[in-house]
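Modelling step: build the complete structure from the supplied sequences, incorporating the hints.
For reference, the chains in residue letters:
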Amino acid sequence: MSALTLYNNLNTFLILGAVLFGIGMYGIVTRKTLIGMLIAAELLLAGASINFMAFNRFTAPDPVVGQVFTLFIMAIAAAEAAIGLSIVISVYRHFKSIDAEDTVQLKG
Amino acid sequence: MSPPILLTEAPALFSVDGLVGLVFIIMVAITVTGGIIACNSTRLVRAIAGLIVCFVGVAGVYYFLNSPFVAMMQILIYVGAVAVTISFAIMLAAPEEQMEIGNKGPLVGPFGFGTAALIAGSFSVLALKTEWPVMAKINDGSVKNIGIRLLTDFSMVFELISIVLLIAIIGALVIARVGREN
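Residue numbers (my numbering), protein chains in the order written: chain A, 74 to 181; chain B, 52 to 233.
It cannot be assumed that every hint is accurate.
[To be verified] Label-pair restraints from in silico Cβ distances:
no.: 1; chain 1: B; residue 1: Gly-222; chain 2: A; residue 2: Ala-173; range: 34 to 42 Å
no.: 2; chain 1: A; residue 1: Lys-169; chain 2: B; residue 2: Val-135; range: 22 to 30 Å
no.: 3; chain 1: A; residue 1: Asp-175; chain 2: B; residue 2: Val-96; range: 14 to 22 Å
no.: 4; chain 1: B; residue 1: Val-229; chain 2: A; residue 2: Ser-75; range: 16 to 24 Å
no.: 5; chain 1: A; residue 1: Lys-169; chain 2: B; residue 2: Leu-127; range: 15 to 23 Å
no.: 6; chain 1: B; residue 1: Phe-139; chain 2: A; residue 2: Ser-75; range: 38 to 46 Å
no.: 7; chain 1: B; residue 1: Val-208; chain 2: A; residue 2: Asn-82; range: 28 to 36 Å
Simulated from the structure, these hints should not be mistaken for lab results.
Note that beta-carbon positions come from the ideal geometry of N, C-alpha and C, so glycine has one too.
Next up, the structure:
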């Protein structure tokens with residue numbers, strides 16, 4: 074199998090989705106700011122969407138369902154970004170910082 | 052209806068199939084590079100630029116999955132709306148001394164890399180080891196079919212998504228308004 078026929082293979086897309094999910098997970102556990110974590114969470118959602126679209130193209134009987142599901146994932150991601158960023162702005166007004174380590178009020 | 056084209060032999064690089072495969076490899080490279088930039092850059096503005104690059108690559112991958120409509124929506128929603136929203140938040144909430152932060156979280160270094168590699172590797176092994184059953188297509192997945200299904204079978208979910216978005220917008224406004232007087 075040549076490298077030029079990779080786009081006809083289900084496993085290529087599944088591994089790409091897994092790699093994107095791993096990059097997003099790395100970003101979530103290593104970022105220190107809340108905005109950085111939100112950016113990494115968008116990568117996680119993109120990896121999941123690629124998985125849905127790959128199964129939709131190669132194995133599912135009805136290729137509409139996966140596309141509709143991916144559109145719903147996009148809508149949920151947009152809602153999540155709006156809510157998360159308004160929380161970030163509110164946290165910044167209260168703590169004067171968007172560092173996840175600074176947003177504590179209890180001693181300990 | 053487009054049955055999967057099974058190429059039995061490797062195409063030449065400068066044939067049509069070979070160039071399509073080359074474009075696909077470029078799209079995958081753009082996606083992975085953008086993701087790495089988004090998670091490793093020291094400045095948040097560069098991270099959001101990497102996220103945009105990654106989303107454009109993902110849209111190209113969707114195009115290869117027979118879904119030009121979803122590819123267009125990906126660019127429209129993610130690059131046009133989500134990335135711009137995050138840029139606004141960076142401008143509103145990140146002062147200059149916090150723009151350069153980089154990775155300093157609790158699991159930075161080998162632990163974080165190990166976590167990510169474990170998850171990605173186990174998902175990849177799971178995908179490679181499983182025999183996925185392939186079923187015959189019952190329609191072509193065109194934009195017309197998507198529209199018909201969205202307004203018949205998925206109409207309830209469609210309405211619920213609209214309500215979720217409305218509540219999210221109102222909630223975002225309410226949350227961001229708290230403490231504005233100070």
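Structure-based check of all given hints:
Range check, B:Gly-222 to A:Ala-173: about 21 Å between beta-carbon atoms, so the 34 to 42 Å window is missed. A hinted range of 22 to 30 Å for the beta carbons of A:Lys-169 and B:Val-135 is consistent with their spacing of about 25 Å. A hinted range of 14 to 22 Å holds for the C-beta pair A:Asp-175 and B:Val-96, which are about 21 Å apart. Look at B:Val-229 against A:Ser-75: about 58 Å separates their beta carbons, and that is not inside 16 to 24 Å.
A hinted range of 15 to 23 Å for the beta carbons of A:Lys-169 and B:Leu-127 is inconsistent with their spacing of about 35 Å. A beta carbon spacing of about 45 Å between B:Phe-139 and A:Ser-75 agrees with the range 38 to 46 Å that was offered as a hint. The hinted window of 28 to 36 Å between B:Val-208 and A:Asn-82 holds, with their beta carbons roughly 31 Å apart.
In this structure, the earlier hints numbered 1, 4, 5 are contradicted, and the remaining ones agree with it.
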